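Asks: Kindly produce the complete structure, drawing on both the sequences and the hints.
Those letters in the sequence shown? Residues -21 to -1, 1 to 728, per mature numbering (1 follows the signal peptide of the UniProt record, and there is no 0), in order.
Just so you know, nobody snuck in bad clues.
In silico DSS-like links for lysine-lysine, alpha-carbon gap of 30 Å or less:
1) 46 - 73
2) 260 - 236
3) 77 - 95
4) 33 - 77
5) 95 - 33
6) 95 - 46
7) 57 - 33
8) 46 - 57
9) 236 - 300
10) 271 - 260
11) 57 - 73
12) 33 - 73
13) 77 - 46
14) 271 - 236
15) 95 - 73
16) 77 - 57
17) 57 - 95
18) 300 - 271
Estimated spans, in silico, between C-beta atoms of each pair:
19) 172 - 147: 21 to 29 Å
20) 406 - 434: 28 to 36 Å
21) 289 - 374: 42 to 50 Å
Because the hints were derived from the structure by calculation, they are not lab data.
None of these values were measured; they are calculated from a predicted model.
For glycine and all other residues, C-beta sits at the position ideal for the given N, C-alpha and C.
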Amino acid sequence: MGPPLLLACLLAPLCARGASTAPGSPPGWRQHEGPRRVKRAWVIPPISVSENHKRIPHLLVQIKSDKQQPGGVIYSIKGPGVDEEPLGIFSIDKFSGKVFLNAMLDREENDRFRLKAFALDLGGVTLEDPTDLEIIVVDQNDNRPLFRQDVFTGRVVEGAEPGTCVMTVEATDADDPETDNAALRFSILEQGTGGMFSINATTGEICTARPGLDRESVGVYNLTLQAADMSGDGLTTTATAVIYLEDINDNAPEFTKEEFSMEVEEQAAGLEVGRVLVHDKDLAGSPNWLAKFTILEGDPEGAFAIHTDPYTNDGVLSVAKPLDHEVRDRFQLTVSVQNQQPLEPGAPGSPRALATVQVRVRDVNEAPVFRENPRRVSVPEGAPPGTPVTTYTASDPDTRQLQTLTYALLYDPAGWLQLDPHSGTVRTKRELRHPSAFLQGGWYIALVLARDDAEPPLSATGTLSIEILELSPQHPQLARNWSITRFNVTHAVLAVLVELPEGLYSLPLLLRDSGTPPREQQQLLNVSVCPCGRDGTCEDGVLAAATAGVGITLEALLVILGSSTLLLLLALLGAARVRGRRQALRKGLLQRSRDDMRDNILNYDEQGGGEEDQDAYDINQLRHPQLLQPRAKPPVRRDAPLRSGTPSVPRKLPSGPSDIEDFINEVGRGSAPPCFPFHSRADAIPVPAGAGGGRQRPQRAPLRHRPHLRLRGLGLRGQPAQLHRVQPDGRGPGLRLPERVGAPLQAPG
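Replies: Here it is in structure tokens:
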């Protein structure tokens, strides 16, 4: 048997023979089975066919088996495109073995088909082994490129340098990637003026091409892109690339004008005065756009504040502290503006970063003000009706408006008071007595209303606290003649209520502090009533000075008398001791030997002198006084103190040395008693030595006096006096009342 025959299209037939005989063969055929040579099967090369082939049906190949049987051979094929999806693409003539293409092929759906070819006899028995039949679909450029998305979006910072990559676009082609049908090239068809961007034709990467990207000029770039296959010469497609420029702070904010004018009412705090407008070219709403305002000049007290409106970027000027038209009615503020973000290096500054804001403070009516609220005064109980209590007035802050204040009692529960509506003077309406249900701890509370005459009128309320002082039964007349009113924390005003004859008056005062618990002290005040001159001094100044004084208590008088007695006794004791020493010295000298004692006299006028003093004196001066010649400079003793003064020239001695006793007596009679000057306390001074004594004794200062009261310028009825509490040495705290008229009047105590 020879090899199989090649048919049309050089396809090999099925030539493999089965390993065994077909069933139904004659028995004799099996007798010759044994070793035999097996025929090789031919390998059919792949069959290529172009996609989109339009001449249908189209002969692909013809297969033929060399197993010629009586009645012929039956051919068949199986596989995708025949009996599997997609069906009906291929068919075969079962008698001739011709394979036909029955439909147009699409390589993008199926790029190849693998079939099985069979050879059968009339009985359906396989004559040879199946043979593989591969059909390859040849690609044609029948697909355009496709971008992965229709619109590409990218961002780049304005001012970016050339070569800065923004994004990469991608496209695909369904054709065979191994052919030029899928070889794509990218390009930019349109991007507006400037040509600021370029694209890599192979990779599709878009980058900046030129400098000068400015968001404030062009914020968004729209690019039309193209992708073409066949290396740019084939089918094409387009897409859009949108590139946004990101903002940087390359523009400083600017005021819309150089000066702004505003107006605000006085006494308004937290109120918006006005707005200053700015313009910034950077992206609205970004930190590069938001402005920050600062008041540089014109507001040293911090009366204004300025903040930024985040929606409009305006500077909102408001009042931080209440303004007073009477104090200052106009402000000129210098305001600066800058961004919250720092300006980019190299960006130009703004020539209009400063502006002037003129603010006028409009005058409005203001309510009166009681400067002292509450006002505390004291009135003795039993004061007759019409007794002045105090003058309680308010002040009107509207100094530039002509307004008149009137006063009224808003609260007077007991009806004890009457008020002058024009002057604000409060007087008693009836006698004030203890006890009373209207007193709270000895205090009577009333409310005074002050009202101006503006339209509409405004008012203020002041609290008047009156202390009703209880008087002892032995001083009922004092409350009718005198009144004392608290002026401030350290001063009080004493006034005469009735006509009083000239003379000296003694007033008992009670001084009380505001501590817890309060401490108090009784004090007598001597007041001299006299006519006053034009300068406020008493005309009879001698009488006032002689009779006026400050009263002292019994305890103070006893202390003073005891101190004086003790000092007198000490002085007498010291004098007696000095006199005794002198007499003892004189007596001792006279009782000694009657020989010439002048040779034995030594000077011991200080402690520790001893025998050394003989070298400092010449004994011949006593023996021969007529030979004595004054020295140019007295000798200095070796044991003398460093700061001791130069000793005086010795007094002239008797002309004859007849009797030394007369000389000593003369010296004793001519010596002055020692002096004991007083110095400040705790200080000691040296005391000159007396006869026979040379020690230094410390002397103490006298006892300090207690605080006393000083009265200045008491006048007649209706003229208040002024009371001062001072120390005798002018130091230390105390109660001092303001001076008005009269000369100072002072007494210990």
